Structures are given as structure tokens and as C-alpha cells.
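One-letter residues, chain by chain:
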Amino acid sequence: MRTWLLVLSATGLSACVTINIYFPAAAAEKAADKVIDEIWQVPAGQSPASSQHSAPTATPVTPSAIPVTPTVNPESAP
Amino acid sequence: MMRLLHNCSRLLQLFLRQGYHTLKVGVFLSCLAMLFEALPVYAAADLDVNTPAVAAVKASMQSRHLQLLPHYQSGAVGLTADGFVAVKEAGLVPLSQRSALAVLVKDENTDRARLYQGMAAANGHPEWEGEIQRTFGQRWIDKAQAGWFVQRDGQWVRK
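The listed protein sequences correspond, in order, to chains A and B. Residues 3 to 80 (the working numbering) are what the first sequence spells out, left to right. Residues 5 to 163 (the working numbering) are what the second sequence spells out, left to right.
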């Protein structure tokens, strides 16, 4: 009976302590920052350049309209 | 109920009879238990983020970020409060690229889920996945660049 009581109290106490194993919020935040920096940092430095490069290629429609007018001018000059 | 009371009184009697000794052993056992239980807590004070699985997911996300970046900037894709990404406004993307965008977002979210799960597992606490995901959700949004869309209280907000 006494051993039972001891086992009971020991498991009870250890269960109480087990519940106390907390989530290390500060450490998780630190780790998250590190991971996010690694994933975002490299491309973030190139972000303005990449967006500017993509802008001219996205508008190829307007230059196609321009060459039509210069072809008329050399003919009309002489 | 009566049996419970009876058991309780029996325990009390037993405790009173051998109170000192039980107390002594109990305190000793609890100290021992605390010592063993407390050790992993302090060992996990720094979260490990460098297991091969986590590193692979990070590399995959890193390379995908170049493709996602223009969409973050345009507002086609936003960061959700729960640590994922979502198509916020598909209309900003040409029709021909929308299915590619959907795949991009789906792949990113798969990797993100894998990242949270991998980090929890890497630290010996798979049950921390939810907490890690919540932490990331907040940090992605905090670290998002100006102009990106993020979710706050269920609403899309431009940073």
C-alpha cells in the first residue's frame, strides 16, 4: 500500500511537471526570424531590380506600333 | 462517490500514520522528477533549425521566393495570419499565368507546412507544430515589406 502511494505521488508530481514543459516562445521567435531572413533576405536585395526588369518586358505591345510611322517618312522626303 | 471519499480518508489516515516518512520520500522523488523533467526544457532553449529536412525546405522556399516576390509586390498574393500565403487578387495576373500562380502558392504552402512540422520534429516536440506555425504567422507578417498585403483580423491590409 505504501509503495502504491509513493508511485502514485511520484507519477502525479511528474505529471504536474510535464505539463509545465512550456513552449519556448522567445526561442521560437528567434528561430523564425532566422529562417525568414534566410528565405527572404537574398531576393529582397534584388527586389527593386527584378521588378524594374520585368516592367519593360511586360510592355512589348507599344513598340510594335511605332515602326509603322517611320517607314512612311523616308518615302515622303524626296 | 462514497468509495472515493472512503479512499481519500484511507489515504489521509495512512499519511498521518507515516506522514513524515512519506513526505520525505515524496519531496525527494519530486526533486528527482523535476531535475529530469527540467533538463530537456533548458536544452530546448534554442530551437534547432538546421536538420537536413528543414534545410531542404528552406532552400526550396528560397528559390521560390524570387517567383513569388513580384506577386507579393503587386498584391496578387498575400500573407495569411496563420503562416501561409494565399492568392489575394488573381485578377492582377494575366489569365495565362493564373494556374501557374495557383501551383506556386500551393507548393509554397506545402513547404511551409513541412517547415513548421520539421522544426517541431527537429526539436523533439512534434506537438509544438501549431505554436511554431502561429509564431511564424506573426513573424512573416511583421517582416513583410511595405506594400505587401497581409491578413489582420481576417482582413487584407496593405503594409
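To be clear, the hints were calculated from the coordinates, so they are not data collected in a lab. Keep in mind it's a predicted model, so treat the numbers as computed, not measured. Idealized CB from N, CA, C, for every residue including glycine. Mixed in with the good hints, there may be bad ones.
[Stated by the list, open to error] Taking CB as the label site, the calculated pair distances span:
1) ASN113(B) with LEU7(A): 46 to 56 Å
2) ALA28(A) with ALA94(B): 13 to 23 Å
3) VAL107(B) with ALA28(A): 30 to 40 Å
Consistency of the hints with the structure:
For ASN113(B) and LEU7(A), the Cβ-Cβ distance of about 52 Å falls inside the hinted range of 46 to 56 Å, so the restraint holds. Between ALA28(A) and ALA94(B) the CB atoms are about 38 Å apart, so this pair departs from the stated range of 13 to 23 Å. The hinted window of 30 to 40 Å between VAL107(B) and ALA28(A) holds, with their beta carbons roughly 36 Å apart.
Of the hints listed earlier, the one the structure fails to meet is number 2.
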